[in-house]
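Number of protein chains: 2
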Amino acid sequence: MKVGIIGATGLVGEKLLELLNERNFPVTELRLFASEKHLGEKYLFRDQEYEIQSLSEDAVKDLELVFCAASNEIAEQWVPILQKTALVIDKSSVFRLKDDVPLVVPEVNLNRALEHKNLIASPNCTTIPVVMVLAPLHQEFTLKRVSVVTLQSVSGAGRDALDQFIYETEVLAYHGEIPKDSASVLSAPIAGNIIPQIGKFRSDGYTEEEQKLILETRKILELDDLPISATCIRVPVRVGHCAVLTAEFASPVEPADVVRVLKNAPGILVLNNNEYPMPIIVEGRNEVFVGRIRKDYSTKAGITCLVATDNLRKGAALNAIQIAEEILSKREQ
Amino acid sequence: MKVGIIGATGLVGEKLLELLNERNFPVTELRLFASEKHLGEKYLFRDQEYEIQSLSEDAVKDLELVFCAASNEIAEQWVPILQKTALVIDKSSVFRLKDDVPLVVPEVNLNRALEHKNLIASPNCTTIPVVMVLAPLHQEFTLKRVSVVTLQSVSGAGRDALDQFIYETEVLAYHGEIPKDSASVLSAPIAGNIIPQIGKFRSDGYTEEEQKLILETRKILELDDLPISATCIRVPVRVGHCAVLTAEFASPVEPADVVRVLKNAPGILVLNNNEYPMPIIVEGRNEVFVGRIRKDYSTKAGITCLVATDNLRKGAALNAIQIAEEILSKREQ
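So the sequences go chain by chain: A and B.
Per numbering that gives the first Met the number 0, the first sequence starts with residue 0, numbered consecutively.
Per numbering that gives the first Met the number 0, the second sequence starts with residue 0, numbered consecutively.
Misleading hints may appear alongside valid ones.
Since the list gives no way to pick out one identical chain from another, each pair is judged satisfied if it fits inside one copy or across any two copies.
To be verified - As a list, the in silico BS3-like pairs of lysine-lysine whose alpha-carbon atoms are at most 30 Å apart:
| # | residue 1 | residue 2 |
| --- | --- | --- |
| 1 | Lys294 | Lys143 |
| 2 | Lys41 | Lys199 |
| 3 | Lys299 | Lys36 |
| 4 | Lys143 | Lys299 |
| 5 | Lys116 | Lys36 |
| 6 | Lys41 | Lys262 |
| 7 | Lys262 | Lys199 |
| 8 | Lys97 | Lys299 |
| 9 | Lys41 | Lys1 |
| 10 | Lys83 | Lys199 |
| 11 | Lys299 | Lys329 |
| 12 | Lys329 | Lys60 |
| 13 | Lys299 | Lys199 |
Derived by calculation from the structure, the hints in this document are not laboratory data.
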């Protein structure tokens, strides 16, 4: 299969390359695209060197499958061109909420992927683990209300932010503090700090990231009116997003029943009592980790738990590749 | 006034010394107590050197005011002895929930402090900011339900944990990662990680820290049946505790009304739109910072916001000293 990756030099782009190899994805030709400043850089894939190219209609015209892990601006410009001839799996947020674009987590709504018009959107890195936990619980217990607080790692903000965090960690180690006004890719220093803003603020006080989590969760679960609240916080962690997920159901649910349902849910690893998900545990792993499942004492029929994922794997590159794998396997059937 | 500090060499003990000076507290004599290993260490207070002493009945018998910032074990043993002759302000959790011990945040329930029997307990470092925000809102709008997710700094776990974090930050800066099984004062490495466990686990899956936050909040607000849920998470930050605080009221409340009430509440600083509380902002400050006040979309009448405090100041030493100041000023009246 002739495969293209747009945004190949980014953290998600590189993870796509790593996982295509790890999962023996049937690549017969590979083309890697990135912005001007990366032109000529070389990447190794299955013992062959590939050079970063510029995007052009000529360079993409015979591709069969394209993973788009680029900025919203690039996606907006190129996805409509690409989908004329290739199946496009897009990680940007541009098309996720469009009616005729399936927004897919294979474990949750693979059926929607099959309705694609050559474009399938992959959700936000925090939406994916949240819906993977909520979907099987909704099926069994009927969701009434959801509240999410995320603790998101710096790699979710891209390579420049991650480089800044690594630099700040060195400054913190040597000098004991970060100048408060130090230039940062993020809105404030992140080493030794937390930043309760991801994305721009909207007029209702929510951020774009919180809005994405709310609207994408409703679309994937097909619950347009689900009451859901979100607070997204950046924490000084390299890889691994965590979330405190609280859900209320139609009638009271025992933690043991939640454990039973989630232990049977695909892609989820339920931790035993007194263990819990942490970034250092989930980095490099493909599963969505769930732990600390217990009653939510603030409601009559609520459950609260901790959820964590490698945001570059299941939160991004892995989910995109799984979508492609599922579409290919259906074609073969 | 003859003042003693028990646990003077700890992070809270040292902050007590700093604040007694900063606030011109009327100290005529000062005695500093700590464990054996600190005996003979010297501290400077108002240009005079004080040596760390051992606790003995003789050494405390003429003290008039004692701040106890020691372990639960030390508090359990010594507070009953101390309170026979001195007013004791205790930071441990041993006596906080006892019926005949006032649990006091001066801005919230000073009236309770006046009923003391020579012992007043100062709440947990996360309880203090939470009740300072909830109390004025309850008075105006009537609380129905509360949910808290905390992001707590490492200094809250004491000096050994803070030293471990500083060491781990250096390892992270030099080597890029922390060995997962590195010996840690906490239950896991904290640099580059988050740990969703503070205190031991109880049989219901909540931790001791979460239980403290729930029960202390109910006691201070005098709402024994308030439905309240808590998740407490340690984050790689030196000083400054943050919390996502969600509250539901008897009827719908506008964010602007919450802003109005909190702007008039003592000890609270409400940040403007698009600003928000962060550890690097609150460290060294006495106020409880509140920001990101907005509707909670998961409930009909809920509000959610971000709260942050210097956990060593208002979360610990400052609150204890304010209690003493208020009692002294009442005596003088």
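Sort out which numbered hints this structure fails and list those numbers smallest first.
Per hint list: 2, 3, 5, 6, 10 and 11 violated.
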